[in-house]
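Engineer: Each chain, written out:
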Amino acid sequence: MPTPSRAWREFPQRYRLEAGKCKKCGAVSFPPRLVCPVCGWREFTKTKLAENGKVLTYTIIRVPPHQFADQAPYAVAIVELSDGVKVTGQVVDCDFDKIKIGLRVKFEFRKMYSEGEAGVIYYGYKFVPA
Amino acid sequence: MHGIVGYGAYIPRNRIKVEEIAKVWGADAPSYKKGLMLEEKSVPSPDQDTITMSVEASKNALRRAKINPADIGAVYVGSESHPYAVKPSGTVLAEAIGATPDVHTADLEFACKAGTEGLFLVLGLVKAGEIKYGLAVGADTSQGAPGDALEYSAAAGAAAFIVGKENVLAETIETYSYTTDMPDFWRREYQYYPRHGGRFTGEPAYFKHIIGAAKGLMAKAKIKPIDLNYVIFHQPNGKFPLRVGEILGFRKEQILPGWLVSKLGNTYSGSSPLGLTATLDISKPGDMIMIVSYGSGAGSDGFIFKVTRRIQEARDLAPKTRDFLDKNKNYLEYGVYAKFRGKIRKAE
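Chains as they are written, first to last, in the working numbering: chain G, 1 to 130; chain L, 1 to 348.
Looking at chain G on its own, in the form it has when it is part of the complex (with noise of 0.2 Å):
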């Protein structure tokens, strides 16, 4: 289970889809990182994602870590955003049946788990079909 400070430091990208793009070649990277994949270089600019795309692929997760036990099962998708970016995240408010690859979906901002009855409750971003 995360620590408050280290889920504080990805609310940015967890709340508002926040990506790193490169400033000398255009990558966009998410989760944003320090050096780009691509080529190497350390700077770049803030660029919000579409909250848009399609499931490239999915899986129910029966067994799943114990902070998500509540939820199983549950869906999880690589989801394709409209701007091409590819996000992993949980598929709810969708019968197991309706989810298939190329369903179009949308973010929804939901509780992602919270640390029992007293701990901190983490938010973020999950999808529902669109």
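Simulated from the structure, these hints should not be mistaken for lab results. Just to be clear, a hint being listed does not mean it is correct.
FRET-style restraints, in silico, Cβ to Cβ [as the list claims (entries may be wrong)]:
| hint | chain 1 | residue 1 | chain 2 | residue 2 | range |
| --- | --- | --- | --- | --- | --- |
| 1 | G | P65 | L | K339 | 15 to 23 Å |
| 2 | G | R9 | L | G335 | 37 to 45 Å |
| 3 | G | W41 | L | P88 | 35 to 43 Å |
| 4 | G | R9 | L | P88 | 38 to 46 Å |
| 5 | G | Q67 | L | A145 | 42 to 50 Å |
| 6 | L | N68 | G | S82 | 38 to 46 Å |
Backbone N, C-alpha and C fix where the C-beta goes; we use that ideal spot for every residue, glycine too.
Fit chain L to the supplied structure of chain G, relying on the hints for placement.
Structural biologist: Below, chain L alone, put in the same frame as chain G:
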């Protein structure tokens, strides 16, 4: 001119019918349906709360307002179900929409009227010129004690309003509040479920405050019921808003466009604000709309808005409230509903 430049709604897709709740507790569903005029209510998924619904409603309001979120100078979230006792909902919302850090944020709580309180505050700040835009949200995932009459109505939903001076879609004509001290409904610190005064929540509470606010507001604005195209009153059940409208001299056609409760339930801080979003969805330029909230404890905030021509281009920029209400529904059995709402005691 100052007023609403963008509005947005969010309602979860899960529903539970009155019959499904009544059969668990041996209650008579037809009498609840007839007496309270309730058929079903919305239920949040386990990964939804006041914060997540506030974010979705606010993003819909931003789509209609077409403004830079960084220009929002105040973010207020009104709710009686803030996920944290200490730590604001508003900071998560402001961060998620990109309004931080140049923004004032506060969480409000006043039973079912916390949403209109935020609207009251941002209208004042914008009118005074202290901020360019303000965001006010009313959202709740309220809980009724199992088997209590409230369990048939306590629902989930959110409505958000962005207020400004430029490109308004509904101009503020007048505001008025009516407040007294009234022990009709409460929840003490560390208590999970609220308590209420049964029939005492009617005449001296809901009716007195809404009638007081509506009459005071119309007198201040020098208008009569016939001058208003639509009115929205707080909707704890189906019967109360229709009855109070009748007492005040309004026709059903003025009330029904914003009357969502029979299929939605009582969304507490989101209740009358969602009624306003549904009414704006069908309104025409020049329409006069009055909204009067009610929060136990007790008080009512009243607003009169005049719809401008901008409504015609703004309303289709985000999903409509009735679409959230009528489409893509997922009906739950009581067991799943109890699990979703954390009513089942589990091992640690």
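Engineer: Taking the hints in turn, state whether each one holds.
Structural biologist: Evaluation of the provided hints:
1. P65/G to K339/L: 15 to 23 Å: 20 Å, holds
2. R9/G to G335/L: 37 to 45 Å: Cβ of R9/G to Cβ of G335/L: about 39 Å, so the range 37 to 45 Å holds.
3. W41/G to P88/L: 35 to 43 Å: Holds - the Cβ-Cβ distance for W41/G and P88/L, about 38 Å, lies within 35 to 43 Å.
4. R9/G to P88/L: 38 to 46 Å: 20 Å, violated
5. Q67/G to A145/L: 42 to 50 Å: With a Cβ separation near 29 Å, Q67/G and A145/L fall outside 42 to 50 Å, so the hint is violated.
6. N68/L to S82/G: 38 to 46 Å: 21 Å, violated
Hint compliance for this structure: hints 4, 5, 6 are broken, all remaining hints hold.
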